[in-house]
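My request is simple: use the sequences and hints to build the entire structure.
Residue numbering for the sequence shown follows our numbering, starting at 1405 and increasing by one per position.
It should be emphasised that the hints constitute simulated quantities derived from the structure, not laboratory data.
One or more of the hints may lead you astray.
[Said to hold, decoys possible] Across the chosen pairs, the derived CB separations fall in these ranges:
(1) Thr-1430 - Leu-1460: 40 to 48 Å
(2) Arg-1490 - Ile-1443: 16 to 24 Å
(3) Ile-1443 - Arg-1492: 13 to 21 Å
Every residue gets a Cβ at the ideal spot worked out from N, C-alpha and C, and that includes glycine.
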Amino acid sequence: MAKWEHMHFSSQSVPGAGGPAADARTPDGQSALRLHAGIATVAFVLSTLVTVIFFLEGQIVLGIIFGVITLGCIGAFGWATASLRRARLSR
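Given below as structure tokens:
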């Protein structure tokens, strides 16, 4: 039996937490989800600030690029909080 045969990805696996089979229902998985949500919040604030600065400076293309990054931060925050909520309910 290979070393990694027992590992599997579940619908509640958390990237960046305890290897490829980390589960959102474990304390480490929930801690990682809270960390992901916090990082997404900080990234949202910073990218929003940069977006506003670029639009005020007249750099429309760069403002749009950072606006898309800001939307990605919202998506990452939504994913992390929804995964955390789903993991807490499935305990």
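Outcome of the hint check:
1. Thr-1430 - Leu-1460: 40 to 48 Å: For Leu-1460 against Thr-1430, whose Cβ atoms are near 45 Å apart, the range 40 to 48 Å holds.
2. Arg-1490 - Ile-1443: 16 to 24 Å: At 19 Å between Cβs, range holds.
3. Ile-1443 - Arg-1492: 13 to 21 Å: 20 Å, holds
Violated hints: none; the structure is consistent with every hint.
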